[in-house]
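Peer 1: Spelled out from the first residue to the last, the chains are:
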Amino acid sequence: MSLLEIKNLSVNNLRTGQQIIHDLSFSLHENRCLCIVGESGSGKSMTAKAILGLTSPWLQVNGEVLFKGMNLIEQSNATMRKVRGQKICMILQDAMTAFDPLSTIGKQMIETLRENLVMNKTEAKELAITALQSVQIYEPEQVLKKYPHQLSGGMLQRVMISIVMVIKPDIIIADEPTTALDSINQREVVEQFKKLLAVNHVSMIFISHDLSVVQYLADDVLVMKDGKCVELGEASKILSTPSHSFTKFLIDTRVGLSQSFQQSMSGGEAIVLES
Amino acid sequence: MGLIGESGSGKSTLSRIILGLENPERGTVMIEGKPISLWIKHNQGSMSVVFQDYYSSVNPQFSIRSIIAEPLIAIGDVENLDERIDALLTKVALPHSTIHKYPHELSGGQLQRVCIARAIATKPKFLVLDEAISSLDVSIQAQILDLLCNLQKEMNMTYLFVSHDLQAVAHICKRIIFLCKGKIVEELASDQLNEAQSSYAKKLLHSVMHFHSPNDTIRREKVTLE
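Protein chains in written order, with my numbering: chain A, 1 to 275; chain B, 1 to 226.
Everything labelled a hint here was simulated from the structure, so no lab data went into it. Errors might be hidden in some of the hints.
Among the chain A residues that face chain B by a calculated CB cut under 7 Å, a handful are [to be verified]: (1) G153; (2) D170; (3) S260.
Keep in mind that this is a model prediction, so the values were computed, not measured. Virtual Cβ for every residue (Gly too), placed ideally from N, Cα, C.
Hey, can you work out the whole structure from these sequences and the hints?
Peer 2: Spelled out as structure tokens, the structure:
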């Protein structure tokens, strides 16, 4: 069943006349993970912003974004705020700028939770602690007292993910959430997303340029280039036998960059690693 | 030399201390037998850095020409400036017309190449690359890594490549140091990563997500993480 349907989405820059997204159509099905893949400038983040009504005022958004019988493009700011807070939550690319530098993490988490869920301050604090523990932040009480600049980018990213996880929206749109993280943190965060899909039955749009993460998480893949859809379909098919040359190019570069590492890890030959 | 560590491990702090931008509380940093502040004083321009955020590494009001000229002007080395800037742009595979442009007109990959050109302008012996490719697309990362490899050989520089990306580090570095919570836990040759001893290094190495292509000739069985 189609949870979110995007029909002929286009985004134009009214100032420059440039068309940023061209006639994009795709669906997000219930409890599926759709990964949007492409390089910077391909329009992946812009697509997410257009869905959530977060584009700049001089960008004109046309087409249909159908969610639970509504065309989101036509909704008021007030309605969209509710949608963004509870139904379709976004995890941003740059965690650092998402936080208020003048407030503690605890204050911001409690504020966000109370804004979107019905609970008092004590309950919100307890939920915040549980949330942080679920993203492997081991001294949650300490972290709640800190200011954003005192935490590393990776930790802030995990705090952001934890907030979204406890709000339990229908759809999570994650924009390059693991890009700044190291392998261990990335693996843990990706596993958390995997768990969210399996256990909480959330549906997800996951934007990434990292094909290994996409391969692990995606049920479906949308490949974008220059604001257009280049390939759309089941992940297992597209990533093993891509039809478009651009998809092949992305895969080849990914494989090429991993070669030295993979060879070194297997000691230059095929071996079996045991736990 | 690669310096690998997760966010918060101290790798940026360490690279800033090495660059002389911060002072350690204890211990010494020596380059070529001299304490770092003295070495920097006597070897102006011999150590350069390329940061992760190319847009905030450059003055947005400077033309590309001014950006690359800045370190040369700072050390008073201004003979044949225009020719040398042109030669530097060629080295980083950017066209001559770039000199008239401004940072916002360039893509991430192009601007990082400008930052690299600026960093090698003073012919440094030692180049610190602090997550220099992390903000770039994978296909551009590959190009920049190849560029860095070539420049290193051509100019006989020593690199400290600080990153959280193991695959990139393995691609370009001969040796890799693993940093965990501010301590060095392992040092390995990059072609012998399977010989890691410390539990942290092993965990990090095995957590790297692998893209399985149908042409995989190197087969690894699934590893259960402890």
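Peer 1: Take the hints in turn and mark each one as holding or not.
Peer 2: Against the structure, the hints come out as follows:
For the restraint placing G153 (chain A) at the interface with chain B, the shortest Cβ-Cβ distance is roughly 6 Å, inside the 7 Å limit, so the hint holds. A least Cβ separation of about 27 Å between D170 (chain A) and chain B goes past the 7 Å threshold, and the interface hint is therefore violated. A least Cβ separation of about 5 Å between S260 (chain A) and chain B falls short of the 7 Å threshold, and the interface hint therefore holds.
Comparing the model with each numbered hint stated earlier shows that hint 2 is the single one that does not hold.
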